[in-house]
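Number of protein chains: 2
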Amino acid sequence: MTVTLIAIACGVIAVLYGLLTSRQVLAQPAGNQRMVDIAGAIQEGARAYLARQYTTIAIVGVVVAVLVGLFLGLTPAIGFIVGAILSGVAGFIGMNISVKANVRTAEAARTSLQGGLTTAFRSGAITGMLVAGLALLAISGFFYVMVAVRGHAPNDRAVVDALVALAFGASLISIFARLGGGIFTKAADVGADLVGKVEAGIPEDDPRNPAVIADNVGDNVGDCAGMAADLFETYVVTVGATMVLTALLIGNAAGDILALMSLPLIVGGVCIITSIIGTYMVRLGRGQSIMGALYKGFWTTALLSIPALFIATRLTLGDLNQQIGGAEAAGTDLDAGSAVAAQTGGFTGWDLFWCMMIGLGVTALLVWITEYYTGTKYRPVKSIAKASETGHGTNVIQGLAISLESTALPTIVICVAIIASYLLAGLIGIAFAATAMLALAGMVVALDAYGPVTDNAGGIAEMSGMEDEVRHRTDALDAVGNTTKAVTKGYAIGSAALAALVLFGAYTTDLREFSTELGIGGGNAVDFSLSNPYVVVGLLLGALLPYLFGAMGMTAVGRAAGNVVIDVRDQFANDKGIMAGTSRPNYARTVDLVTRAAIKEMIVPSLLPVLTPIVVYFVIAAVAGREQGFAALGALLLGVIVSGLFVAISMTSGGGAWDNAKKYIEDGNHGGKGSEAHKAAVTGDTVGDPYKDTAGPAVNPMIKITNIVALLLLAALAGHGAG
Amino acid sequence: MTVTLIAIACGVIAVLYGLLTSRQVLAQPAGNQRMVDIAGAIQEGARAYLARQYTTIAIVGVVVAVLVGLFLGLTPAIGFIVGAILSGVAGFIGMNISVKANVRTAEAARTSLQGGLTTAFRSGAITGMLVAGLALLAISGFFYVMVAVRGHAPNDRAVVDALVALAFGASLISIFARLGGGIFTKAADVGADLVGKVEAGIPEDDPRNPAVIADNVGDNVGDCAGMAADLFETYVVTVGATMVLTALLIGNAAGDILALMSLPLIVGGVCIITSIIGTYMVRLGRGQSIMGALYKGFWTTALLSIPALFIATRLTLGDLNQQIGGAEAAGTDLDAGSAVAAQTGGFTGWDLFWCMMIGLGVTALLVWITEYYTGTKYRPVKSIAKASETGHGTNVIQGLAISLESTALPTIVICVAIIASYLLAGLIGIAFAATAMLALAGMVVALDAYGPVTDNAGGIAEMSGMEDEVRHRTDALDAVGNTTKAVTKGYAIGSAALAALVLFGAYTTDLREFSTELGIGGGNAVDFSLSNPYVVVGLLLGALLPYLFGAMGMTAVGRAAGNVVIDVRDQFANDKGIMAGTSRPNYARTVDLVTRAAIKEMIVPSLLPVLTPIVVYFVIAAVAGREQGFAALGALLLGVIVSGLFVAISMTSGGGAWDNAKKYIEDGNHGGKGSEAHKAAVTGDTVGDPYKDTAGPAVNPMIKITNIVALLLLAALAGHGAG
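Those protein sequences? They're chains D and Z, same order as listed. Add 1 to a position in the first sequence, counting from 1, and you land on the number used in the numbering used here. Add 1 to a position in the second sequence, counting from 1, and you land on the number used in the numbering used here.
With the rest of the complex left out, here is chain D (with noise of 0.2 Å):
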């Protein structure tokens, strides 16, 4: 368990820099009392909605921890308890880090771009470990305490079961916060925008505009809880995941199967220490590029990530050389008469290597790609702002246009990386380069966390009435959080797509060790081939949810927005004093209730992919059998992940795209700010909005949470609990 032992140590390392930057952050000025009264405010109202959400989430979750209790026992419980309240966490503590830098950020760029730079990044980076580390310390710990405390075989059924479970935790507060937060967010700026800058004729982040802290705590509690959740839920899914599956798959030859199942927890620990190094790398050049320092960054990290990778797996298996899982493998009665079977057996470490390497390559191009779909600098987002000059019509024309055409590339990018790491080691090499992928994911979600600080310090900067020169600083800052924002979600939902497919890897494995349990005659009684139309029902039936799932979203901002409105003219109408200055409006209100609105609306479209596996497979088990229910749930869980995959990419890489075509003609190009080319490119942000920021991110927890209430399903219906 050494390997374990050290995966666990670097956890701790990570949620020790966290704590030590946090103290960093904290000791910086927070500005003059005005400032410290806004941030105040905000600071206020995202603990609000924070608590309120999480004691809506807690009641939900309390259900689920009592039934996965009854169905799958007591060890499965606790793992579910204790992936939702480290997710939980995770997101808690990142978010009041977020709200604490964004006045510091304000006021250190009041000397320098360097200054807002640092402390902008270290509290995202604070956020980024804490995400890495608590994942990788909830997976590490469990598994520490179920096989060297408890004495249970490294992949014993009481581990797979309370893996999972943990899994299903993390997943069930993500999808919530992902949706929740995503909700509240873009229901008050949008909301904000609406009855603000197009009603009222008032700029963006004025303090006149009741709804102008909700929209600011809505940055922290979406782009910064939300984001964190899921995050630390990805982390936690895929690594799960692969450590599931090699459990599974690579029968009992224990000598292998310890060394080969903490490999993923050491490869996370490895990669947070070369993420930490990646943030101090975080500088600005001689061209002041910001990107270009965020960059730094993550290429180091990236980088250095190789040699360390290379010799976590040297370490973690001796001889690269040997075979791995060979003959024992294939031989197993669980592998027969797989596509599956036919390549497990026989790989090495080599291989296995090489598949993370391909991890690490499908994270640069897809950062690559998405920065190309949604930066100023490129095509695409210079023809939606080309497209702004003849009108709203033919902006949003274009950003549709942009968005579909922006799934090809990562396409075609994690088709060849499915493909490779399949030759390389079969299923378990797809696991692999899964997990390589999440390795980074501190850094990622640094990158992304530091968005909602950046934001949130430029309101703050225009609310208090700083100079222009700070503005205009905090302004460039912002720029960036936009591509950042949508890297970390095309990277999210690209690993989505690996982690699904090892998790429909695991559920028919699972399917046929439990053949007996279930009631479903042989090995191989599951028809999983296209020609079974049960498997062409489930494909579209899952094809479905992301449609239905956005669709309800996209309403949710859209009615939540109209409170705001609501609430906001009603303000107006009762107080002069708002317009007039003279008075302050009650921006308590606003926030509570934006609040009440998102956590209701996020009920129902949550429970969506909690509920369908569970409908579907009954209700065709009852019309076609058992053998046909279990087919077509099992493409379902395709389904979801073949059509998720598209609308994710196309609403997040869209609606970054359609944001930043805004910022570009703001930066003086097609007219400006102002001209009508900018109305309509105003359109288009605010329809990018919901799409970038509440349903297509959200599309990514949904997936994974269809796929591990499948597993659960199979593991409750074969009834091994009592683990």
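Keep in mind the hints are simulated off the structure, nothing from the lab. Careful: at least some of the hints might be erroneous.
[Claimed, not checked] Not everything, but these chain D residues come out facing chain Z in the computed CB check (under 8 Å): (1) L316; (2) H393; (3) V397; (4) A409; (5) P534; (6) G635; (7) L639; (8) S644; (9) L646; (10) T684.
[Said to hold, decoys possible] Distance condition first, Cα-Cα at most 16 Å in a straight line; then the derived EDC-like pairs of lysine to aspartate or glutamate: (11) K680/Z / E677/D; (12) K680/D / E667/D; (13) K378/D / E667/D; (14) K680/D / E677/Z; (15) K101/Z / E45/Z; (16) K383/D / E667/D; (17) K664/Z / E372/Z; (18) K198/Z / E390/D.
Beta carbons are placed, not taken as given, at the ideal position from N, Cα and C, and that holds for glycine.
Please arrange chain Z on chain D, whose structure you already have, making use of the hints.
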């Protein structure tokens, strides 16, 4: 062959109906000289476009015909040419009637609403009956020649290949016509709106706008000729695929096979008769509801088709309780080990009849669902109209939400239909359900082709300065066209989902039958299981196609519309008399420009679905062997439909909803014409245009062409040419 001869006779009746009704329509007065002049300009433009489009397609067509001849032999090449030419003929004649009926509809609307309705609907019915009649004639005539004249067994490979090639010809024309026409119509429409309504501030259909004739031409070449080619293709492919699948699955029990293969033909035949009867029921009731009048025709046809289909089935199969294709089919080699086999063994005539009832049911439900999502009376359109009050952004957000949501009910209906018909009669049951859906094509096309006629009639009324009262009537006729157009598209894509399953069944059956010729080991060497990563890659690449295709279509419209804007600006600048109304704009120049742009833009996206299956097969086969190449290719076929269904439905329903939300506001709601809400609704309408008329509907032929190319690739690789 009596049954086939009856089907041929029905086809002839449809063509005769078309000729006779044409005479009636053409005998009506064409109005005053001004109207005749305008209509003349439209006719000229439409013919010029189609001439150039067909010339371009002919070049591609000749190349493909030679390739088909080289790889598959002379008879398939002839099949390809017949399919291609008749598809073009259906579109060409339909459009020719449409451009003559438009002015006559305007003239008839002078007297009464019923007069306008009758003329417009009759014109639509001509197109409808020609599409269904020619399609039926093509298949049944070809089948008759192959079997009765040339003496092939009905399920001989030569017959199968020829039918597939026939479908390929129809599909290839269809994708070019749908996309080229779609780009033309929306480039002209969007361009005319941008430069006329937005820039110059003149109303729609103002004769001073040089793009106004191009806009009217577009209605005919897109919504009439393009749509007719599309439905011709859908008909030929669906009925053809049903016959092909029957030939492949139902062994060699020759007694059964001829009857069963003729059944789809007679099904098409009797429904032509019920459709013709239905056309005579289109009359305004007391409530003067135009939609009600059209529905009277539709429901008459649908209800009469129930007994008609019963009689046809009884006549063809004899005793409906007798088992068909039972033991023989299940016992043959080609079905061994497949899910299909389990079900094709043992179904009765009654089972097939019930499958056809399911097909009729699906049609009725899809019509109803589409009407719900696009009609002005229901929540979806009203919600978009309401969202327009808060601006362009919220209009588009709500429209996108509705477009995503609108996929849910159709998907569920299709899934239920797949399961129910599969339980009744296996894959053949699904095929017959699809055939029954398509049998109503004559009536459905009639409803659709009515749209461009009334749209043009409105334009002519406006341009020739007819009285307000007349304009009011043509507007009322036109408004209904939006819904009927959306209905046809939902119907076409819904049937495509079923047809694609049938084509996939043909593909897998072919693979098994030719495993030796294809150099793949054994009958089940190709693993279509979802746990095969090449299947997942195929699904992802297939799912990408509609997105990429949609992106290309949308971009093409944007680009071509931009050219229109530049041209019109240039005309305005060089001749001040145009805006003053003293000189006539150069309509032909704009038409010519749009023509060239549309033709240029249609080529690449149209070749995408033709070339992708070939490229994917060869790349994967090179990397992982032939078996995996075929697995990935098969999965690609399902991936296209799984994602295409959603892309197409969301685009066509969403677009229709946006359009009618504008109309709803123009009817005096939310502030009416000229209000801010109206401006926002115009933006939504513009966005919806390329969605619903370019990218969305072209997905339907795209899905089928991908499938057919795969079938032909198999045939070519197996080298069973020289038929």
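Which numbered hints fail: Those not satisfied come down to hint 1.
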